[in-house]
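Single-letter residue listing:
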Amino acid sequence: MRKIVLTISLLLSIGCATYTSKMELSRDYYHQGRYEDALAGINELVDKAGGNDLSLYLLERGKIYLAAGEYDLAITDLQAAVTRFWEIEGTVSIADLFKNTLLNPGMGEYQPDTYEKILVNCYLLLAYWLKGDEEGAFVERNRIIGRIRQYTDGGAEEERKDLDFTFARYLAALLYEVEGLEDDARIEYAEIERLHPGLTPPAVNPHLTEVAVFTEIGRAPVKVSTEIRGYLQKEGDELLGFFTFPDAPAPLVFRTGVGEDLKIDRPGVLFTFAFPQYIKQERVAHSCKVVIDGIEAGEAVPLDAVEETAMSAFQRKLGLVLLKSAFRTYLKTVAQTKLKDEAGGVIDVLGKVFSAVDRADTRSWQTLPAEIQLFRLESTPGTHEVYIKYLSEDGEVVRISERVTFSMMKGRKGIVYVPGAD
Amino acid sequence: MNRFLVAVLCLILMVGCGKSVREVDLSKDVAEDADFSSADYFRITDTMVNSLRVSNFTEQYAAKHSGEKPVVLLAKSLLNKTDEHIDTRLVLEKIRTAMIKESMAQFVDDQAFDLALDQLNLQASDLYDNSKAAKIGNFVGAKYVLRGTITNLRKREGRENINYMNVTMDIFEVETLLIKWTDEVDIKRISKKGFFR
Chain A
1 MRKIVLTISL
11 LLSIGCATYT
21 SKMELSRDYY
31 HQGRYEDALA
41 GINELVDKAG
51 GNDLSLYLLE
61 RGKIYLAAGE
71 YDLAITDLQA
81 AVTRFWEIEG
91 TVSIADLFKN
101 TLLNPGMGEY
111 QPDTYEKILV
121 NCYLLLAYWL
131 KGDEEGAFVE
141 RNRIIGRIRQ
151 YTDGGAEEER
161 KDLDFTFARY
171 LAALLYEVEG
181 LEDDARIEYA
191 EIERLHPGLT
201 PPAVNPHLTE
211 VAVFTEIGRA
221 PVKVSTEIRG
231 YLQKEGDELL
241 GFFTFPDAPA
251 PLVFRTGVGE
261 DLKIDRPGVL
271 FTFAFPQYIK
281 QERVAHSCKV
291 VIDGIEAGEA
301 VPLDAVEETA
311 MSAFQRKLGL
321 VLLKSAFRTY
331 LKTVAQTKLK
341 DEAGGVIDVL
351 GKVFSAVDRA
361 DTRSWQTLPA
371 EIQLFRLEST
381 PGTHEVYIKY
391 LSEDGEVVRI
401 SERVTFSMMK
411 GRKGIVYVPG
421 AD
Chain B
1 MNRFLVAVLC
11 LILMVGCGKS
21 VREVDLSKDV
31 AEDADFSSAD
41 YFRITDTMVN
51 SLRVSNFTEQ
61 YAAKHSGEKP
71 VVLLAKSLLN
81 KTDEHIDTRL
91 VLEKIRTAMI
101 KESMAQFVDD
111 QAFDLALDQL
121 NLQASDLYDN
131 SKAAKIGNFV
141 GAKYVLRGTI
151 TNLRKREGRE
161 NINYMNVTMD
171 IFEVETLLIK
181 WTDEVDIKRI
191 SKKGFFR
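Sequence lines, in order, name chains A and B. In this text, residue positions in the first sequence follow this note's numbering: the first is 1, and each later residue adds one. In this text, residue positions in the second sequence follow this note's numbering: the first is 1, and each later residue adds one.
Hints listed in this document are in silico derivations from the structure and should not be mistaken for laboratory results. Every value quoted in this text rests on a predicted model; they were computed, and no experiment measured them. The beta-carbon is built from N, C-alpha and C at its ideal position, and this holds for glycine as well. Among the clues, some could well be false.
[Stated by the list, open to error] Calculated from the model, a selection of chain A residues having no Cβ within reach of chain B, i.e. all distances over 12 Å:
hint: 1; residue: D37
hint: 2; residue: R143
hint: 3; residue: Q150
hint: 4; residue: E157
hint: 5; residue: L181
hint: 6; residue: H196
hint: 7; residue: E308
hint: 8; residue: S312
hint: 9; residue: L322
hint: 10; residue: E385
hint: 11; residue: M408
[Stated by the list, open to error] In silico EDC-like cross-links for lysine to aspartate or glutamate, where the CA-CA straight-line distance does not exceed 20 Å:
hint: 12; chain 1: B; residue 1: K76; chain 2: A; residue 2: D183
hint: 13; chain 1: B; residue 1: K155; chain 2: A; residue 2: E89
hint: 14; chain 1: B; residue 1: K192; chain 2: A; residue 2: E135
hint: 15; chain 1: B; residue 1: K81; chain 2: A; residue 2: E24
hint: 16; chain 1: A; residue 1: K289; chain 2: A; residue 2: D422
hint: 17; chain 1: B; residue 1: K155; chain 2: A; residue 2: E87
hint: 18; chain 1: B; residue 1: K94; chain 2: B; residue 2: D118
hint: 19; chain 1: B; residue 1: K193; chain 2: A; residue 2: E179
hint: 20; chain 1: B; residue 1: K76; chain 2: A; residue 2: E87
hint: 21; chain 1: B; residue 1: K69; chain 2: B; residue 2: D40
hint: 22; chain 1: A; residue 1: K99; chain 2: A; residue 2: E182
hint: 23; chain 1: B; residue 1: K76; chain 2: A; residue 2: D133
hint: 24; chain 1: A; residue 1: K117; chain 2: B; residue 2: E160
hint: 25; chain 1: A; residue 1: K131; chain 2: B; residue 2: E68
hint: 26; chain 1: B; residue 1: K81; chain 2: A; residue 2: E179
hint: 27; chain 1: B; residue 1: K192; chain 2: A; residue 2: D37
hint: 28; chain 1: B; residue 1: K81; chain 2: B; residue 2: D186
hint: 29; chain 1: B; residue 1: K81; chain 2: A; residue 2: E227
hint: 30; chain 1: B; residue 1: K193; chain 2: A; residue 2: D183
hint: 31; chain 1: B; residue 1: K81; chain 2: A; residue 2: D96
So that you can see chain A by itself, here it is in the shape it has in the complex (with noise of 0.2 Å):
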């Protein structure tokens, strides 16, 4: 009994790392501004990698090129997981099928939300632009027009609004702009009107130099595993346990009879519940000012909230997340009680471990920002600086962003992307 328990013990401690835990370091110093950290430490994981997560480990790692400035190498990355994605949508596999539903739900391979989709084209044609190709950011603009309204056709009201990106409808417009093509602008400004009121510029004027700075602020939710596990022994009439629930100070013991009904063939039963929850991060900056040479231009406005539509398209997934884990749960406890094991309790060890080692997918595009805001405003031709105040709930500058240099041209849009910050 006591070996059985100490086993038991030694099993619970496993703990296998999961995505948020492997990602926090390269996420801290992403967010901290220290890209190559950040990039020394994602480099390391993406060359770990195996099959299942290496499309995701190159989106972060696309988008962490992107912020340094590495926009041949953030195409690269970025355009690998896209063609990934794209080959695995709507397809369905029969090993990952069997590994996330007996094994561990993050054992198949990384299947994006909806959301994450769309942005990587964003983030592609910001890539594109600011390499200095044009007709690159063009294409990226077609694929992000398809992809909303392959997304947007026909899906629920709800989800509709989440899925119809403003930041992408933007970067769209001001594109169509960029080309000249007034009408196209003009429908895409529209439907931003129509999500977000008041985004809109006045005029569609492809001939006015103006430069539009997009900046990011906050970190997205990360997903965190959450276990309740439970081991359980009969013992007499008497049924022994305890539980462990996240958060709690110690488990919980109980002895209760329950008669000669219940039946535990084997010495004790161990179970776990894992799920995951995604959590909210802490931001330290609210709302930020651009300063262009030098002078504090204005608020920028925001544009998307990110976070939102993360936490939206987690609860429209959750249930079938918890159901799936539930079915995990009862099939380990299955093979730990009623399966034939005549080979010296090799199956109810199996179960064990499996159960005790359990842990929720908590995959998800970390390097993404809780909100992503905008400032246009008219400019002259010729090379400009911008560097972006952030503020604090109470307006308290807490953190200056990096000067980025840009030049205009008499009658062009210019694009500036300021990177994340906390």
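The hints should help you fit chain B onto chain A, whose structure is shown.
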């Protein structure tokens, strides 16, 4: 018997793991999915060159200009209005290659200007024998420009990918802006992914 079985198993494993390389007959090249593919390069080029052949563009020019061939310039690339990153310059270059091979036109190299200028400046310097150096002032101006646009309309529904592509090309006269030749290629392709991967 056992040895035979082991040998067969080894052979099967070797076959399964071996690298396979296969040459593809480009004239029978087919698209792998609904996206733009290498087969499309050939289809577009063949159609356009055939169209130029039957249009008598070269002959008409030669008749008016004492047997001379028209001098054509390539646009930088086809205007890519699709949702795919395509090397559209390749379409133009393949057409140029075919036209030069068939003596349909002469082309000025739009991408060699800087290189040529550097060479001319160098050869005009004291480093070179000026009597044998290439002379400045002999660049030939293009009378025509070959250009085009590639557009697509795509619809994805579930595992189905429906892609309509249109490539329109033309040759316009620099002096008059008159279009002297134009044609188009339409491609519509539907691909469907398997349910299982």
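Tested hints:
1. D37: Its Cβ never comes within 12 Å of chain B, the nearest being 31 Å, so this holds.
2. R143: The claim is violated: R143/A sits with its nearest Cβ about 4 Å from chain B, within 12 Å.
3. Q150: violated, 5 Å
4. E157: holds, 20 Å
5. L181: violated, 10 Å
6. H196: holds, 25 Å
7. E308: Non-interface label on E308/A holds, nearest chain B Cβ at 26 Å vs cutoff 12 Å.
8. S312: holds, 23 Å
9. L322: For L322/A, whose nearest Cβ neighbour in chain B is about 26 Å away, the distance exceeds 12 Å, so it holds.
10. E385: holds, 31 Å
11. M408: For M408/A, whose nearest Cβ neighbour in chain B is about 23 Å away, the distance exceeds 12 Å, so it holds.
12. K76/B x D183/A: violated, 26 Å
13. K155/B x E89/A: Between K155/B and E89/A the Cα gap is close to 14 Å, so the pair holds against 20 Å.
14. K192/B x E135/A: violated, 28 Å
15. K81/B x E24/A: violated, 40 Å
16. K289/A x D422/A: Holds: K289/A and D422/A sit about 15 Å apart, inside 20 Å.
17. K155/B x E87/A: holds, 16 Å
18. K94/B x D118/B: Violated: K94/B and D118/B sit about 27 Å apart, past 20 Å.
19. K193/B x E179/A: violated, 34 Å
20. K76/B x E87/A: Distance of about 32 Å is beyond 20 Å: violated.
21. K69/B x D40/B: Answer violated: K69/B to D40/B is near 29 Å, above 20 Å.
22. K99/A x E182/A: violated, 50 Å
23. K76/B x D133/A: Between K76/B and D133/A the Cα gap is close to 14 Å, so the pair holds against 20 Å.
24. K117/A x E160/B: Roughly 18 Å between the alpha carbons, so the hint for K117/A and E160/B holds.
25. K131/A x E68/B: Violated. K131/A to E68/B sits at ~43 Å, over the 20 Å cutoff.
26. K81/B x E179/A: Since the Cα atoms of K81/B and E179/A sit roughly 11 Å apart, the hinted pair holds (cutoff 20 Å).
27. K192/B x D37/A: Roughly 42 Å separates the two Cα atoms, so the pair is violated.
28. K81/B x D186/B: holds, 14 Å
29. K81/B x E227/A: With a Cα-Cα distance of about 50 Å, the restraint between K81/B and E227/A is violated, given a limit of 20 Å.
30. K193/B x D183/A: The hint is violated at about 35 Å.
31. K81/B x D96/A: Violated, because 37 Å separates the two Cα atoms, which is more than 20 Å.
Violated hints for the displayed structure, listed by number in ascending order: 2, 3, 5, 12, 14, 15, 18, 19, 20, 21, 22, 25, 27, 29, 30 and 31.
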